[in-house]
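Chemist: Produce the complete structure using the sequences and hints provided.
Protein chains: 2
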Amino acid sequence: MLGNGRPDDPPVRVVIDTMGGDFGPRETVKGAIQALSNDNIELILVGDQGPVQAELERHDTTGRSVTLVPSVDKIGDDEHPIQALRHKPKASIVVATKLVKSGDADVVVSMGSTGASMASSVFLLGLMEGLERPCLGGPFLGVAPGTVMVDAGSNMDCRPALMLSFAALGSVFAHRFLGIENPRIGLLSVGAEEAKGNKQVQESYALLQQSHLNFIGNVEGMDFFTGRADVIVCDGFVGNILMKFAEGLGGALSGFVKDRLAGALSSQDLAKISDDLWQTTNMPRTMGGPLFGVNGAVVLGHGSCEASGVAGAIHTAVRYVQVGLVDSMKEELSQINKGHQPAAKLQAED
Amino acid sequence: MLGNGRPDDPPVRVVIDTMGGDFGPRETVKGAIQALSNDNIELILVGDQGPVQAELERHDTTGRSVTLVPSVDKIGDDEHPIQALRHKPKASIVVATKLVKSGDADVVVSMGSTGASMASSVFLLGLMEGLERPCLGGPFLGVAPGTVMVDAGSNMDCRPALMLSFAALGSVFAHRFLGIENPRIGLLSVGAEEAKGNKQVQESYALLQQSHLNFIGNVEGMDFFTGRADVIVCDGFVGNILMKFAEGLGGALSGFVKDRLAGALSSQDLAKISDDLWQTTNMPRTMGGPLFGVNGAVVLGHGSCEASGVAGAIHTAVRYVQVGLVDSMKEELSQINKGHQPAAKLQAED
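Chain order of the listed sequences is A and B.
First residue of the first sequence: 430, per this note's numbering; consecutive thereafter.
First residue of the second sequence: 430, per this note's numbering; consecutive thereafter.
Keep in mind that the hints are not guaranteed to be accurate.
Copies of the same chain are indistinguishable here, so a pair counts whether it falls within one copy or spans any two.
Claimed, not checked - Here are the simulated SDA-like cross-link-like pairs (lysine to any residue), alpha carbons at most 25 Å apart as the crow flies:
#1 517 with 622
#2 759 with 640
#3 687 with 700
#4 625 with 506
Treat the hints as calculated values from the structure; they're not laboratory data.
Modeler: Listed below in structure tokens is the structure:
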């Protein structure tokens, strides 16, 4: 695996939007402090000064690098992200993202509104050249830790060119973050044959085939678990449904196993296996979801994260920076965009 | 639960395409014979005479109603369904479906090519009035046995009017087959709010809201397990991916649990819990999938079914007939179509 961080690497400067999520700032601050023990980081906590200071005082941070940068208010899940950015210019996610923009932090982590995080990333950090929307990606199942899904976010009705960008970004992630050489890219469909799938998939198939990516063709729902592909590309509509479906199924099966094994196992072992099942189907709650395609490192955590999930998202953020995802992704997108112009592509291949 | 079949009900005449599936005719015949013990049926086996006769002789059918109707050849998964229907007019699925058409059988069951079964159903039995495509539906998870998904099949790029038809057909199935009064219909999306989702979902939302169905709005991936909706409506692209994803995840978790509990449980108990997990995520392999929207009863089984899966699909077929799904679905579709003409709808409500 690449870039686990060498001992002489400088600490990664992580800024946390402590107000985000269902349990901020209590669990976000607690998780951030936990992360200080796991990773070589400098912490910048952004949030309403009084409450965050109070949370901070619950922990011993002697000798640790922790800075508090005050913000005013937060943007909720129920707000229109772009309007909210305008009306709340000092909101925690805005202040936090600006610290990455100004170079005062290496990466921003938020458990808050996905829409607000994506909007502030796009407006403040800017989209990578040649991309029309950012996306969320990564592995999302503990039982399939080497399978990267892009887009796991909320891009609806994606055009084929955007699906191609997802593939490029996912490929870089699989290579740099997971250490997979020449990642195999599969397009999520309802059958392996080229003609299978909806119009979007059929058109994306052609584009992917023409690209320099290691495209292996269509894959199906079961292929998240067969190891056929390292990166599975889908529309954010399907990706979002799959992620939430997996969470739900994991929870249901966790209960199912508990019922079936009651009596056969000690209550401690029972709780353990049930919890393990839940965890393995809820990876984004334990490691966050990296945002791809903006000119800066951003990791979104699950809104219902408690401290350990916050620490997990911070760990992902640290690796995001250490493996240099932003630069590699920019480079890959520029290759992909060259590929769109056949003459330029030929030249590049000479 | 409605219509479990009363003792004085006449036997249901079930015709089986014995050539279909990965293990036909051996497992299809074996499963059909098993079904004779479970359900009050008369069996009609369709297939290549020699091989089916040979399979039949492996079983004791003394005193049982079993008829063999010969056919020639079968249609494979790799063939274009409509062309194959033309070139193989005596193929098993064609002969079997014709027996329902002529009134000599009440329901046809096939483990063969889904495309061929759907095409022969549409061409021979005809689509219900007001419908542009048939669909597959039903519960597909043992941990969510009361949640009906439509379309679980292969209708891609569905227009909103077709999504409305799926909802109507699913509603009838939930009511008649599962005994749910006034089934709650949810539209599968990425958020509960009306504005959430892709264009298809947004447009379908409006149509569903205007209908007389008990539409509760958008539901999300986890809602297959929350009991919020009795029927979840989606495009066949998403439905197919979800079904295969659930199968794959079930298999992966089954292995996961086996690994984690090795040592803590006897190998027998271990095999049992692992098998239970697999079963509960593979319901279509054990009960088949009913086809909705054609003028006759049709149940498709999973291609990789062994005998017990064939018997399960036959059980589904028997209930399909006993609860009178075809007539109820026709009636519901005609209500829905009236609803499309506002004046007629008002009249109906007076």
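Chemist: Of the numbered hints stated previously, which ones are contradicted by the structure, given in increasing order?
Modeler: none
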